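Asks: In order, the protein sequence lines correspond to chains A and B.
Start counting the first sequence at 1; every next residue gets the next number (the UniProt record's numbering).
Start counting the second sequence at 1; every next residue gets the next number (the UniProt record's numbering).
Just so you know, the hints here were simulated from the structure itself, not pulled from any lab data.
You may find that some hints are simply not true.
[Unchecked claim] Here are the simulated DMTMM-like cross-link-like pairs (lysine to aspartate or glutamate), alpha carbons at most 20 Å apart as the crow flies: (1) K189(A) - D247(B); (2) K272(B) - E75(A); (3) K375(B) - D126(A); (4) K285(B) - D312(B); (5) K209(A) - E55(A).
[To be verified] Pulled a few chain A residues facing chain B out of the computed Cβ check, cut under 10 Å: (6) E75; (7) G127; (8) D186; (9) F187; (10) K189.
Bear in mind that the values here come from a model prediction, so they are computed numbers and not experimental data.
Ideal Cβ positions, reconstructed from N, Cα and C, are used throughout, including at glycine.
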Amino acid sequence: MLYVSGEISGDSWGIFAFLCAALWNLPTIPALNSTDEVGAGQSIQKTYDLTRYLEHQLRTLAGTYLNYLGPPFNEPDFNPPRMTRAEMVPSATVDFELWRSLNDNARLAANYRAYTHLLCYLRSMDGQVAKAELRKNLGHFCTSLQGLVVSIASVMSSLGYPLPSPLGSANPTWAQGLGATSPHNDFLKKMDDFWLLKELQTWLWRSTKDFNRLKKKVPPTALMLRLEARGF
Amino acid sequence: MWDNPSLRCLLAIAFLHLLSLIYSQETGFPEAPGNLKCITHDLNRTICSWGATSSANLGLTYKICYTNSEPFSPVCIETEGKRADIPVAMGSTNIQITTLNASGTPLATETFVLPEENVSLIPLTPQILNLSADFSIYTLYLKWNDRGSVFQHELDASWQIQILRKETMETVTLINYDSKLTGKDSILSWNWTSDIPLECTSYCVKIRCYINEPYFTGRKEWSEWSPIRTVPEKDTKPNSAMVFPQDKVVLVGSNVTFCCLYNEGESIKYMKYGSKSYPLFRLSKWSSAIKVQNVSASISSGTNVWCSLVPDGLEGTVLFVGYAPDTPQNLNCETRTFITITCSWNPGRPTALYTQRQTKYILFERISRENVTCKVDELNKKHHCDFPVHANQNIYNFTLGASNPLGQAESSLLIDVNQRVHLETPDKFTVSANSSTNAHLSWYIPGNLIQIRLLCQIEISNSNSERQLNVSMAGAENSNYRARVDALHPYATYTFRVRCSASEHFWRWSKWSEEKKITTLEAPPARGPDIWRERSPVGETLTVFWKPLLPSEANGLILSHEVSCYPQEIMLKAHEVPVPLNSTEIKLGGNDCLIIVVAKNRAGSSPPSRITSVDLPSGNVKTELAIAKGNGIYISWHSDPNVTCGYTLKWCISSGSEPCTVDWEMFPSNATDAVIKSALFQPGVRYNFSLYGCKHNGYQLLQNIMGYMKELPPKVAPNFTVEETSSDSILVKWEDIPVEDCQGFLKGYILYFAKGEKGSSKTSFREEDKTEKNITDLTKKSLRILDLQGKTSYRLDLRAYTVGGIGPSKDLYVVTKENSVGLIIAILIPVAVAIVLGVVTSILCYQKREWIKETFYPDIPNPENSKALQFQKNICEGNTALKTLEMNPCTPNSVEVVETRSTVLKIEDTEIISPVADSELPEDGSDPETGSHVVVSYCPPIIEEEISSPPIDEPVGSSQVIYIDIQSMYQPQVNPEEEPEINFVTTAGYKPQMQLPINAMKMESHSPTEEDLDKTAGYRPQANTNVWKLDSPDSPVSIQSNNENGSFGSPCSINSRQFLIPPKDYEDSPSPNNTGWSFTHFFQNKPND
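Using the sequences plus the hints, can you model the full thing?
Replies: See below:
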């Protein structure tokens, strides 16, 4: 329900971006085995755009959300140690060189897994927010993030990569695990929320770079030329 | 047993006996028992213990024989230890202790008497049965057995409970607790709430007892402390640092203590509540706390409390601070559909608690004993709850309960559902108009409304009216409702809307339905138009005018007007004149006819309006003036008995170059006046009205009227010219102002005139100069202004005025002509008089030449013989009222007289220095002290006699004569009574004879006394040298400067060369003379003429 309300009342750009991504990806998802580079190129571009948009959107959301959590979470120099509980949230703090050494498939799969986790967590966060406006913004962001997950899946399928093992929001095991380990303490919940936002930010930053790199690897212009050569 | 008083008494006696004997004689054996001590735990048995002198007691046994009282035989027991248990007896107990060796041989025997006072009552050490803790509410629960069964009867017991911190064994609290022992074992319980979370530190508890037996005379002591029991720790003991209390909800204003537990190797850096750091206090080795007083409402996610640990750690908790729910206010339950009852309320003060801590509401109905949990969206502030309507239940007794972690509140309401009907907004509202006066309305209301009647209100509004119509109808289930509205106006646009309520028990109107707008159908015009006609001057044509009908009369869109002419019941011709024309021309052809005008719209024609074309001849028609009244023009006329079908007042309003618009108004025959108002009337514009009387055979012009809606001042000034100018008059002529510029009825002209030249003070006249002439005779077109000065410029200003005010002015400058005759006469007359006087004087002088010679020029000039002076003296004699000329302190610089006779007059040089010369006169020459009278100064003549002997002193410095009169600066103020004297003096003809320096001419002046008046009134002979003392200290040379009559100069005879007034007279004058005269005086007055 909340997604619906967010979709209805969110800002037009978010809806537009999500719809674009979703509409674009819907026909491509069934064709998982397709290696059509035309679709891949455009998917990468759309995913890149969506990542950029989400980066921008998160900046606003994080500010509002951290203020909602109150001090010390909204203090600029607040940098608490990452606790074991927070490790449930997939970390983006992989060594840069190590990350670069991975192939596209591995990186895309890591992206896919991370956002699936993060999305699931974000949704659990949404129900506990006491501010209506913030809840609306969160719902809106979840919708956009859902679009990103679908987009990444689309890119992977269009490049011919298999989707990683289903650990997404649909996986009840993971969701239960998250629920079981979710802290009883409100302060720890806040801390987790803080880490979630931080991880999201890092992941989006990393994804932007990844998709930019991938975009350069599979340039849409080249694809267009190839399309023309095929007589379209 | 202790209840029996006789037994108690016996026991007491036994104790007393024991007491007397307790100090038994010691045998001196080392094995002899001694130092007997006895206590009781239960007031039933006494435990006695003793000591022995010898420490080596191997193999020794003791035989104790005790007797409570004499009649009883002693009871003996043997024991190996130094302790025996004997029953408690009344009074005192005799105790004999015999020490036996191993073989049973008595070694020593000791006898004691034990009184009750020497027995101590020490209760048994209590045992804690159970110690538990509720960490959420920081409370410890303690349970123990009171062992009441030990005692045979009821007793008061006191308990002391001590709570200590486990680590430091520091006492946290020590509490006394009283109970009653009932003779059987009871489990006592007690709880204690800590002000800091129990997790913060470990606690341990111990307890002891005290029995208060009032009849026991021995010592009563506290029992031993029970063994310490430690508060069990929480099941989920954290293995990492933590902050307590966790996620607690407290009331605003509470004091809350937070503690931070940390592990070995860690230390606490700071601890904050919100963003504020608080001072830490240490609870234990691994626990520190802060205390926050009077907490305020937390933010929506709760206030964070956290501690920062060294080296690297952060732990926290969230505190939710809020309020208990307020009593639900304005609880209101009503039904809209008879399917559910909706209750709504105002939650009152916000609790500042959200999500799972927000207020939960439960609606409970007592009669049906049903309750409903209300889903309240705290964020959206919507507070309502739906309760199902039960069949056959009309009364509902609701209780709304509100609860949150901090408390609960409730509010109740009893309703009859039939009296609380608030219907849904009428839906599907339609309006249809199928006639010019009716409309049909239809709407839908959801709900099962069979059991009630509806009252619906239909609002009908158009541009200028609004009305409500109430209709009552039977309710139905989810049905459409219909209504018909009558009495609508044809061809009118109406807006409809409807709302409904229950008819029998009105509770509340529903919301208004949406608005619907319709226009009714057209109907024939309600009446014929107002008509008028005007015959052309020749009479050949007739112009018929009509006024457009009002929309309320037109009943539709007027398409055309049909104009017909009926000469003698036969229609001459019918014109169809389309809208918007409002007049038409009919050729009469010499015949009069009856004009009929009919307005037509799509629905039909109006009733006809009739008017005859006949104009009756009118006699001498007068023109009268109307009066402006309010925003209209008041017109009155004389009633004419021949007028039978009313009066018509016609006027024409022209706008610019277009032909004027004919307008008219009709009045009944009995009317004699009217105020004509029109939106087209403008102030300052003249309107001409014609009053027609309607007679049985035609219309007759009765009167012409002119009027203004509002009179204004004339727009322009009258155009005027100067026709004729003379030396003392001006003839002015002016022209009429055009009617359109008058802006009102002209009342007259105002002519202002005053001296003035072109270019100076053009803006306005000076009030004191201007002369005003009001010309009210409007027929007069010229005016002669008289009594003007010749050769003078005059400014003329002519203005017209009306009731509305004075119009603008127009200026003219005119110069009057010079009066030449007067000037000639003014020159000629003085010349003629002078000539005549000269001739007469010459004749007289000629005739009296001998006398003149004898008098003025004798052969030997002897002042004593001077007849002239005698003559003067005689003249002055007898005229004591005359005032003499004052001697001014003007003294010749040097006078030398050579006298040939015995009376030699010697005048030495005298230098007169006036102190006034040193003092400055005011710049304007005013002297306030001399303003009250006139002092005429004179200068004594210089004696220019032939000097026969050489001069003794220096010669006279100068022969020039200067006349100085300080009064020349003032206008002389002459008393009218003294005027003749001045005239007299004037005729005396003095002549200045001496020069006098200005700065040396301040002299004291004295008025003559009464007796000296005769001397001062006239000329004095100068031969009186005995009193002539110019060089005396009393001479006018005196430097007294405060003389207010000080004057300059001295009067000199014109004809005489002799001194006229001896200075002595001045010196003796006690008061100043107010009369004076001088030559200069004459000249000074001259310019003033």
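Asks: If a hint holds in the structure, say so; if it does not, say that too.
Replies: Now for the hints, and whether the structure bears them out:
Of the pairs offered as hints, the one joining K189(A) and D247(B) holds, with about 11 Å between alpha carbons and a cut-off of 20 Å not exceeded. At roughly 13 Å between alpha-carbon atoms, K272(B) and E75(A) fall within 20 Å of each other, so this suggested pair holds. The straight-line distance between the Cα atoms of K375(B) and D126(A) is roughly 19 Å, inside the 20 Å bound, and the hint therefore holds. The suggested pairing of K285(B) with D312(B) holds, with an alpha-carbon distance near 19 Å, which does not exceed 20 Å.
Our distance criterion of 20 Å between C-alpha atoms is met by K209(A) and E55(A), whose separation comes to about 12 Å. Because the beta carbon of E75(A) sits about 8 Å from the nearest beta carbon in chain B, less than 10 Å, this interface hint is met. At about 8 Å, the closest approach between the beta carbon of G127(A) and any beta carbon in chain B falls short of 10 Å, and the interface hint on this residue holds. The closest approach between the C-beta of D186(A) and any C-beta of chain B is roughly 4 Å, which is under the 10 Å cut-off, so the hint is satisfied.
Because the smallest distance between the Cβ of F187(A) and any Cβ of chain B comes to about 4 Å, under 10 Å, the interface hint for this residue holds. With a least beta-carbon distance of about 8 Å to chain B, the hint placing K189(A) at the interface is held under the 10 Å criterion.
The structure is consistent with each of the numbered hints, conforming to all of them.
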